[in-house]
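If you read the sequences in order, they're chains P, C and Z.
Numbering-wise (the numbering used here), the first sequence opens with residue 1 and increments by one.
Numbering-wise (the numbering used here), the second sequence opens with residue 1 and increments by one.
Numbering-wise (the numbering used here), the third sequence opens with residue 1 and increments by one.
Incorrect hints may have been included.
Claimed, not checked - Some chain P residues well away from chain C (every beta-carbon gap over 10 Å; in silico):
id, residue
1, D34
2, A139
3, V234
4, A432
5, G473
6, T476
7, K547
8, D561
9, H594
10, G713
11, R743
Claimed, not checked - Listed next, the in silico EDC-like pairs over lysine to aspartate or glutamate satisfying Cα-Cα at most 16 Å (straight line):
id, chain 1, residue 1, chain 2, residue 2
12, P, K547, P, D514
13, Z, K50, C, E25
14, P, K547, P, E600
15, Z, K55, C, D62
16, Z, K134, Z, D227
17, P, K547, P, D504
18, Z, K50, C, D62
19, P, K367, P, D289
20, P, K547, P, E588
Since the hints were made in silico from the structure, they are not lab data.
We treat Cβ as the ideally placed atom computed from N, Cα and C, and that holds for glycine.
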Amino acid sequence: MSTALGTRRRRLGESAARPDGVPKVRGEFAFSSDLFSEGMLWGHIVRSPHPAAAIRGIDVSEALRIPGVRAVLTSDDVPGRKTYGLDYPDQPVFAWDVVRYMGEPVAAVAAVHPETARRAAAAIIVDYAPTEPLTDPVAAADAEPIHPLGNVLHRQRVRTGDPDAAGTVVVEGRYETGMQDQAQMGPESGLAIPAEDGGVDLYIATQWLHIDQEQMAACLALPLEKVRLHLAGVGGSFGAREDLSMQVQICLLALRTGRPVKMVYSREESFLGHVHRHPAVMWYRHHADAGGRLVKVEARIILDGGAYLSTSTAVTMNAACMAPGPYRVPNAVVEAVAVRTNNPPCGAMRGFGAVQVCFAYEAQMDKLAAALGLDPVELRLRNALKPGDSLITGQVLRGTAPVAEVIRTCVAAPLPAGVPMTTAELELPGGAGRTADRDRVRRGVGFAVGIKNLLYGGGFDDYSSARCRLEDGVATITCAAVEVGQGFVTLAQQIARDVLGGVDVVLAPPGTTDIGSAGSTSASRQTWMSGGAVQAACLAVRDRLLKSVSSRHGVPQETLDIVDGRVVSLDGQVDIPISEAARGDVLEETVDFHHAPTAELDVDGQGDAFVSFAFAAHRAVVDVDLDLGLVRVLEIATSQDVGRVLNPVQLVGQLEGGIAQGVGLAVMEEIVLDHGRVRNPSFTDYVIPTALDMPPVHIAALIEEPEPGSPMGAKGAGEPPMVSSTAAVVAAIRAATGLELPRAPVRPQDIALAGSGPGPVAGSGPITQEVSP
Amino acid sequence: MGADIVGELIDYQLRVNGHEHDVAEAWLGENLLYVLRERLGLPGSKNACEQGECGSCSVLMDGKLVCSCMVLAASAVGADIVTVEGLSAGENELSDVQAAFLAEGGVQCGFCTPGFVVSVHDLLEHNPDPTELEVREAVSGNLCRCTGYGRILAAVRAAQETRQE
Amino acid sequence: MTVFVPACLEEAFDAFDKCPDAQLLAGGTDFMVEVNFALRRPPAVVCLRKVEELKGWRLEHAEVVLGAGITYAELMGPQLSDLLPGLAQASRTVGSPQIRNAGTLGGNLGTASPAGDSLPVLAALDARIVVASKKGRRSLGLDELIIGPKRTTLGPGEVIVEVRVPAALGSQEFLKVGTRNAMVIAVANVALVVDWAGQSVRCALGSVGPVVIRARDAEEFISSRIDWARRTLTDEGDVAEFTALVRSAARPIDDHRSTADYRRHAVGVCAQRALGRVLADHNGGTWEQTSWAS
C-alpha cells in the first residue's frame, strides 16, 4: 500500500504539512550524522575521566604511531583563543593545565576509520594528578576557587516592597531538582571541510549558526568569513546545541589534515559533551494573609552551574525573576546564585530556569493552601496574575496574561475513569514487570501552573533576519532560523502564503552564515522573531508588488489584494496571476525584525527585562504503588496561553513533547553523579519515557488572546509545557502518598522507604540568615 | 584506506532491500548499522545509542524487527535485510505508515522516525488491528524525544484504519 | 575470514579448532554493546545464529528442552507461555520488542549478568543447562554455570546448547522492578515457583547479589507452613516471616540504578506478592481516589 505525494497549501491556523516531512519519513533527510565526503577522516575527542585533576603531561606519540592516524591535537594546537563560551569564554577547547569536569576535552584525533580513531584515543597518555572535586553546590560559593574567575557564576537578587512584611500564615520548604539531560535523539555530529582559501566549511547541527561562528573564529584565529557554517539536519536540541560541542575541534582537525573530517558523538559522549539542566536547591518561605492573599515570598535558589559558565547568567536571572510563579506578590526577597563546581557544566534546557522554581513555588502553594484550609485552586485563582499586575521585578504585564483562564479550564477537564478490575498489567504501576498489587495502589491528582518568559531579554537587542524573493510567481524564503524539529519550516511557508495570497513558497536550503543571523532556536522565540522577520519581508515584497500593479493599472493600492495566487482589485478590473503582475521583475526584500526593547535589571532586580510571558496549567493523575514506590502517570490535562494557534497539529506536538520531558523529570530522569562522576551516561541508565510511560495528554483549552507586539499574535509554545508538568506530577504523587516529596525526580525509594529512615526535613534550610539583608 | 584500519579486515556480501551488496575490507567488529550507513549508502537507519536502547536503527532481518546496531554485520551474511529505504514502493511514493506519520504530525525532528516507521510496519504486518496498549508495547523500544508519542500513536491509528478500509 | 557462521554444532566446534580464541556470539544484544563501546575487540567470532541444534524447543516426557538459541520472543509464544509461564513473564520484561527478537536464552546465561531477567526463573525451576564441546557434553545447575557477575565456568570451545526445565510445574510468578515500563534493567526481580505435587516453594532473587540468589531459608520456612491440601497458609502471620527471610537472603549493593536498602525492600515486597498470587486468587482491592484538593 502506498500513497502518492501531494502538496498541501495550507495557511496560518491550519495544520499544514511539514516541508521536510517526506524525506524524514522516507529516511532520506540528511541529519548531521548522515554526511559523507570523499576521503573523509573520522574525528574523535579524548575526554577527561576525572572531575578534577591537574594535567602533568600529555603523550601523544604512541597514538601517532598507529597506522591510519592522521592527526592528534591538544591545546597547543589551538591557534587562537584557547577558550570559548556563549556569554564569556571560560571553557577550554582542550584543557591544558587542569580538568574541571568529567568529560572535558583534552585532545582530539583524526583517523581513517572510527575504530582506528578510538584506538588512537585510547593510546594517548594523559598524566593526571586527580584532586578532590568540589561537588556540593551549596558549599561552592564559599569554597576554594576552582577557576581563576571564582566559584560564583552569577548572583541575581530581586527585592521589592517591604522586606519585613509578614503574613499571618507562613509556610516554608526546601526543594531540589536533579540534573536533567536534553537527550535529543540525534547525537552531536558534523562534517568539516577545509577550503582552498585557508578557511573551513562546517556542516553542523546547532541552534544558532552565527553565535557558533563568532566563537569558532576566535579560537581558529580566522576571520569570520573564512569560518562558514551550514546547517545540517538537526535531530532535536532542547538546549543541548546552544553551546559549542565539537565545532572548534573538528575544524582544527580538518585544517590540520587538509581532509574532510566527520565526527559523531556516541551517546555516552553526547551525555558528557553537552550541558544539562541546572540542578537546584531552593529554600522558600511564603507569607499570606488570612484571606489567602500572598503577602511576601522569600526564596534562596542555588543552581549548580558545573565547571563553566555557559548560559548560567540568564538561567539564574530567569529563576530569580520567576521565583514566585504566576502570582501577584507585593513583597519579595529573592536571591538566585549559580555556582561553579566540578560537576558537568549546566546551561540551556527547555524551560531554562523556570522549571526548577516552578517545582518549588507550586509545592509551596499547595502547602499554603493546606495551612490556610483553602482549596488549592482557589488559592491560585486569588493570587493569579492578570494584565496590569506587576511582577516582583516591577515589570507591569502589558500583554495578555490569562492565568485564571488556564487554571479554570484545566481544572474543569473531566477526570479519567477509575481503573476497572480487569486492567491489564500494562495499565498498572510497574507495567509488564507485574509488580502491582491492586490493594496497594493509590490514585492521586495534582495541579500546577507555571510562567515562562518568552524571547531574549535583559537589554539584549535580539533580532532575526529573513529574505523574501518573488520571482516567476514563486516566493523563496531565506532565513537562518534553525529547524530543530519544532516546525519553523512549516510555519515560514504558511506565513508567506498568508501574506502573499496563496503564492507558491519555496524555502531556501538550510541556513548558512552567508545570510543574516536569525538568532537562536531557543527561548520560545523563533515563531515570534523569525516568523516576524519572514512576515515583514513578505509584506515588503507584497507592498512593492501591489504598488507596481497599482500604478500600472491606475487602481488605488488599497483596493488590491492577492487571492489564490492572483492579484485582484475589489472592483474586479484587475485579475492577473502573480507571475504576470511582477512583469518579470524579481522582487526581493530582506528585513531585520527586532522585538520591543528590554532593560537590564538593576541591583535589586528591578526593570522591564522581559518581552512577554506565557502561562500553562497542568493537572496530573497518577497511580502509585505505595510499597514499591512505582508510579504510573495516567493522564495529563493541560490548558495553555498560546496567543494564537498558527498550526494546530504542530502546536499539539509541542505540548505533548514538552509534557513528556516534564513527566520524565518528575519520575525517572536524572544524571546521577558520584563525586562529580557521571554514573549513567547511556540510554540504558539515563531513562526517558517510552510509549508505555507517557500518558495521553488531554488538551483542555488553548487560550487564544492575541499577544500585542507579537507579529501574528502567537506566543512561543515550546517551553510552558515543560515548566509546570513536572510540578503537577509530583503534586499528584504527594496526593496519593501523603508524603512531602520535596525532590524531583521522585525515585521509588523516596516513596517506598519514606517511613523507614530519617527522611528529608522540610524547611530546614538557611533561608533566614541567607536571604534577609 | 583499508590497510590503515587497525584490526582484522574481512570481505562479505549482504542482501539489503532485495539487492546484494559487496562489503570490502571491513573491520570485523562493524555493526550492521555502521555498514548500512557508512559503506552501503543507506543512512536512513539512525545511530542514537548503539546499544539497543532507542530503536532508531530498527530494521527487519529475516522478517524480524531488530536493532541493526546489535547485529554484527559480518554475521548477517545470507539474511534478508529490509531498511526504511526498502519500505516505500517507489521514488515518489510513501507507504501508508509513512503517509500517516506525515499527516498526523508524528514527525518533528525526524531522527526517530525511520525506526518508528519500520517498527510500525512490522507491528501492522503481524497484528493488523492492535489495541492502543498493544501499539504502545510494540513501539516501546523506539524512543522519541520530541513528540511525547501522542501524534505517533495517532499516526499508527490512522494507518491501521487505512488498512481496515 | 574470521567470522564463522556455522550451520551445526560440529561446524562450530571446527571453527574453534581453527581459531581457539574466537568468541561466541548469540543474539548479540550484550556482545555488540561491548564491541560498539570498544570494550570487546574480538579477534574472531563464532556466530551461533544459524546453528540448527540450538533452535526451537521440544517436550521430552515432563521436561521442556529449550534450544539455547531460543529468543525471548519465542519464549513468549502461546505454547511455551503455557508450559513455562514464569519464563514467558520474564521474557516480556526484557528490553524491547527488537531486543526480544534477537536476544536468546543461551545468551542470557552466557552473559551471566546479575540482572539477567531469565535467570531467577531458571534458578527457581532448578533448570539444568547442557553445554557441549568437541570433547562431549555436560549438564550443570545454574549455580554451577554462573559463578559471579559476568563469570561462568564455560571452558574454551564450550557452547551452551540446551536448557532443560520441568514442564508446567505448579504455579509460577515473575516480578521485576524497574524505573520505567520498557527497556529497563531490573532494579530487583523475583521468581517464585510453587510445586504443588512436590510440596515445595522455590524463590530466586535477581539484581540483589553478584549472582542469582535462591532464598533457601525462606523457601524451607514457607514450604513447611503451607496447608498443601487447601493451598493456603495456616497462619497469615507467616507471610511476614517469609518476607523477612527473603530480604535477609538478598545481598544488594548501592549503585546508580538504586540503593541496597530499596532493593532489599523490593525483593521482599515482590516475593510476598508473588506468594499471595499463587496461594489464592488475588482479589483486587478497592481503588481509592484521593483528591489533591482534600
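Quick rundown of the hints versus the structure:
1. At roughly 4 Å, the least C-beta separation between P:D34 and chain C is not larger than 10 Å, which violates its mark as non-interface.
2. A cut-off of 10 Å between C-beta atoms confirms that P:A139 is not in contact with chain C; the least separation is 34 Å.
3. Chain C draws P:V234 into its interface by the beta-carbon criterion, the shortest separation being 6 Å against a cut-off of 10 Å.
4. With a least beta-carbon separation of about 7 Å from chain C, P:A432 fails to lie farther than 10 Å from that chain, contradicting its non-interface assignment.
5. With a least CB separation of 23 Å from chain C, P:G473 remains clear of the 10 Å interface cut-off, as annotated.
6. For P:T476, the requirement that its beta carbon stay farther than 10 Å from each beta carbon of chain C is met, with the minimum near 23 Å.
7. Interface exclusion of P:K547 from chain C stands, the closest Cβ pair being 39 Å apart, more than 10 Å.
8. With 10 Å as the threshold on Cβ separation, the claim that P:D561 sits away from chain C holds: the shortest Cβ distance comes to roughly 31 Å.
9. For P:H594, the requirement that its beta carbon stay farther than 10 Å from each beta carbon of chain C is met, with the minimum near 28 Å.
10. Remark: the non-interface label on P:G713 is consistent with the geometry, its nearest Cβ contact in chain C lying 22 Å away (cut-off 10 Å).
11. With a cut of 10 Å on Cβ distances, P:R743 stays outside the contact zone with chain C, its closest approach being about 23 Å.
12. Restraint check: the Cα-Cα separation between P:K547 and P:D514 comes to about 30 Å, which exceeds 16 Å; the hinted pair is violated.
13. Note on Z:K50 and C:E25: the hinted pairing is violated, with a Cα-Cα distance of about 24 Å set against a maximum of 16 Å.
14. Between P:K547 and P:E600 the alpha-carbon distance is near 42 Å, which puts this suggested pair outside the 16 Å criterion.
15. Between the alpha carbons of Z:K55 and C:D62 the distance comes to roughly 15 Å, so the proposed pair stays at or under 16 Å and holds.
16. Annotation: proposed proximity of Z:K134 to Z:D227 is violated, straight-line Cα distance about 49 Å (limit 16 Å).
17. Under the criterion of a C-alpha separation no larger than 16 Å, the hint pairing P:K547 with P:D504 is inconsistent with the structure, at around 20 Å.
18. Taken as a hint, the Z:K50 and C:D62 pair is honoured in the structure, with Cα atoms around 12 Å apart against an allowance of 16 Å.
19. Between P:K367 and P:D289 the CA atoms are separated by roughly 14 Å; this keeps the pair inside 16 Å, and the hint holds.
20. With a C-alpha separation of about 14 Å, the suggested pairing of P:K547 with P:E588 holds against the 16 Å cut-off.
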